[in-house]
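There are 4 protein chains.
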Amino acid sequence: MIEHETQIRVCYGDTDMMGVVYYGTYPRYYEIARTELLRAHGITYKEIEEAGLIWPVRSFHATYLKPAYYDDLLTVRTFVDQLPEVRFHIHTEIFNQAGEMINKGEVVLISTSRETGRPIKTPEWLLSKFREMGE
Amino acid sequence: MIEHETQIRVCYGDTDMMGVVYYGTYPRYYEIARTELLRAHGITYKEIEEAGLIWPVRSFHATYLKPAYYDDLLTVRTFVDQLPEVRFHIHTEIFNQAGEMINKGEVVLISTSRETGRPIKTPEWLLSKFREMGE
Amino acid sequence: MIEHETQIRVCYGDTDMMGVVYYGTYPRYYEIARTELLRAHGITYKEIEEAGLIWPVRSFHATYLKPAYYDDLLTVRTFVDQLPEVRFHIHTEIFNQAGEMINKGEVVLISTSRETGRPIKTPEWLLSKFREMGE
Amino acid sequence: MIEHETQIRVCYGDTDMMGVVYYGTYPRYYEIARTELLRAHGITYKEIEEAGLIWPVRSFHATYLKPAYYDDLLTVRTFVDQLPEVRFHIHTEIFNQAGEMINKGEVVLISTSRETGRPIKTPEWLLSKFREMGE
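As given, the protein sequences belong to chains W, Y, R and F, one line each in that order.
Okay, so the first sequence: first residue is 1 according to our numbering, each after it adds one.
Okay, so the second sequence: first residue is 1 according to our numbering, each after it adds one.
Okay, so the third sequence: first residue is 1 according to our numbering, each after it adds one.
Okay, so the fourth sequence: first residue is 1 according to our numbering, each after it adds one.
Source of the hints: derived by calculation from the structure; they are not laboratory data.
A portion of the hints provided could be inaccurate.
You can't tell identical chains apart in this list, so a pair holds if it fits in one copy or across any two.
[Claimed, not checked] Here are the computed lysine to aspartate or glutamate pairs in the DMTMM-like style, where the Cα-Cα straight-line distance is at most 25 Å:
1) Lys-66 to Glu-135
2) Lys-66 to Glu-106
3) Lys-66 to Glu-115
4) Lys-46 to Asp-71
5) Lys-104 to Glu-93
6) Lys-121 to Glu-93
7) Lys-129 to Glu-36
8) Lys-46 to Glu-3
9) Lys-104 to Glu-47
10) Lys-104 to Glu-124
11) Lys-129 to Glu-100
12) Lys-46 to Glu-115
13) Lys-46 to Glu-106
14) Lys-66 to Glu-49
15) Lys-121 to Glu-5
16) Lys-129 to Asp-71
17) Lys-66 to Glu-132
Model the full structure from these sequences, guided by the hints.
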């Protein structure tokens with residue numbers, strides 16, 4: 001299993017009039033965290049795109065367990081437990097400073113050819129990077 | 001069943017560098033559509049809050065079937081098929097101008113006391129409004 | 001002078017924990033309003049881009065006079081008082097339901113070649129459309 | 001003069017279909033940077049609010065000099081050159097990895113009583129913190 005933790009500070013613009021982080025802010029947190037997971041393992045999403053691969057989101061699911069507040073320093077834990085052959089499942093859990101899990105969910109990306117816009121098998125060079133990461 | 005359709009025009013700020021609507025923009029579309037469903041039936045979210053009830057999001061799930069593009073005029077169909085006793089399930093489907101379903105999902109809100117922050121049964125005056133709507 | 005009015009409903013995601021519309025939400029309102037000004041005069045930003053012209057923002061200035069609140073139905077008035085030869089100045093004023101001006105400002109776009117990324121004179125076919133609008 | 005530098009990584013959601021950071025994303029960058037300036041000097045915006053003071057934005061001005069791209073690691077320099085007696089002027093400059101200034105501007109906040117919603121003189125305890133910072 002590959003995993004990574006990123007810290008995100010909640011800013012004013014992330015909140016709504018309920019005084020907590022807006023539910024539509026979380027996809028952004030998930031995105032930042034999965035990018036940092038890849039970067040920590042030497043992959044930038046940028047180089048993936050340059051190799052002709054894009055990873056559009058196929059599905060997003062999140063459960064909101066507790067609110068997050070302005071100025072919270074959240075820990076976003078991301079993990080991957082299967083090779084992203086075509087579908088790339090990324091699990092995310094978010095914790096507040098008190099160590100409480102406040103949000104958890106999953107995003108599924110689809111390996112897609114930038115040229116044709118169609119799903120493709122993730123290139124072997126990239127899959128082998130994932131195999132190395134998991135060791 | 002209660003249902004409603006709202007139209008939303010995709011703006012520049014909704015898109016990302018992939019040239020399509022960013023996946024994190026959809027929660028906003030879902031929110032606008034469910035507010036308009038309520039408004040169309042004579043309920044404003046504002047009066048609900050004034051009555052001491054808040055509806056924080058418990059979960060969000062969306063499947064991204066096709067991309068939405070800048071300037072698209074989307075039709076967002078929202079429907080409710082059970083009384084929101086405590087959990088309020090709202091189904092959403094989004095269609096593009098060609099009539100293709102591009103996104104579908106569900107949001108679950110929880111009837112919560114503004115004062116205590118705890119889940120409560122939705123007040124009877126509001127439930128009876130939902131019963132009327134569904135007739 | 002060319003002018004147009006668009007209505008925008010404030011949604012939950014537009015607000016912040018101060019209970020009012022976040023200052024960073026306004027550029028989006030300005031963008032929606034100027035797009036609708038063009039559309040009302042038979043120009044879509046999309047066709048402009050297809051003609052090889054892009055209009056990146058050069059500057060944004062806004063003065064926040066009064067707060068806007070959740071569920072407000074804002075009237076966004078946009079006007080253009082000079083031909084967009086290279087720089088395209090767009091003035092914006094936002095009013096609440098009570099008719100109070102709550103925000104005013106200006107955005108300057110630059111006519112730019114999509115191919116070279118350099119400023120260019122706005123094509124004559126487009127300038128003449130602006131001349132017609134102003135009549 | 002009080003100054004501070006913060007680094008911000010551009011994420012996917014910050015960009016638009018032009019392939020660059022959306023102009024409406026910058027207010028968020030400005031906000032993050034001024035919060036970090038205060039934090040670096042031992043002030044949290046949270047404690048200010050708890051002391052009954054709020055700082056709504058009075059004006060925002062930004063000039064967009066060059067585009068910022070996905071995955072750029074931006075350096076946001078914030079500086080304050082006068083005591084925030086009532087109006088709090090904050091200057092911001094943003095640089096890309098190549099050291100090029102890509103954006104500059106100013107935000108003016110107004111010291112406001114949380115209770116009355118009216119402008120007030122910034123409390124002495126806070127002004128003296130600013131005096132110390134500037135030494």
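Tested hints:
Taking CA atoms no more than 25 Å apart as the test, Lys-66 paired with Glu-135 passes in neither setting, with 34 Å inside one copy and 35 Å between copies. Taking identical chains as interchangeable, the C-alpha atoms of Lys-66 and Glu-106 lie at most 25 Å apart whether they share a chain (17 Å) or sit on different chains (19 Å). Within a single copy, Lys-66 and Glu-115 get their C-alpha atoms only as close as 42 Å, which misses the 25 Å cut-off; across copies the closest is 16 Å, which meets it. Proximity of Lys-46 and Asp-71 under a CA criterion of 25 Å is satisfied inter-copy only: 7 Å between copies versus 29 Å inside one chain copy.
When the C-alpha separation of Lys-104 and Glu-93 is checked against a cutoff of 25 Å, the pair qualifies both within a copy, at 4 Å, and between copies, at 23 Å. In this assembly of identical chains, the alpha carbons of Lys-121 and Glu-93 never lie at most 25 Å apart, being 27 Å within a copy and 29 Å across copies at closest. In this assembly of identical chains, the alpha carbons of Lys-129 and Glu-36 lie at most 25 Å apart only when taken from the same copy (15 Å versus 36 Å across copies). Taking the shortest Cα distances, Lys-46 and Glu-3 sit within 25 Å of each other inside one copy (20 Å), while across copies they are farther apart (32 Å).
In this assembly of identical chains, Lys-104 and Glu-47 lie within 25 Å of each other by CA distance neither inside one copy nor across copies; the values are 28 Å within and 29 Å between. For a Cα distance limit of 25 Å, the shortest separation of Lys-104 from Glu-124 qualifies neither inside one copy, at 30 Å, nor across copies, at 32 Å. Taking CA atoms no more than 25 Å apart as the test, Lys-129 paired with Glu-100 passes in neither setting, with 32 Å inside one copy and 34 Å between copies. For a Cα distance limit of 25 Å, the shortest separation of Lys-46 from Glu-115 qualifies both inside one copy, at 16 Å, and across copies, at 22 Å.
For a Cα distance limit of 25 Å, the shortest separation of Lys-46 from Glu-106 inside one copy, 22 Å, qualifies, whereas the shortest one across copies, 31 Å, does not. In this assembly of identical chains, the alpha carbons of Lys-66 and Glu-49 lie at most 25 Å apart only when taken from different copies (19 Å versus 35 Å within one copy). For a Cα distance limit of 25 Å, the shortest separation of Lys-121 from Glu-5 qualifies neither inside one copy, at 27 Å, nor across copies, at 38 Å. Taking CA atoms no more than 25 Å apart as the test, Lys-129 paired with Asp-71 passes between copies only; the shortest distance there is 20 Å, against 36 Å inside one copy.
Proximity of Lys-66 to Glu-132 under the C-alpha cut-off of 25 Å is found in neither arrangement, the shortest distances being 35 Å within a copy and 33 Å between copies.
Going down the numbered hints, you'll see the structure goes against 1, 6, 9, 10, 11, 15, 17, while the others check out.
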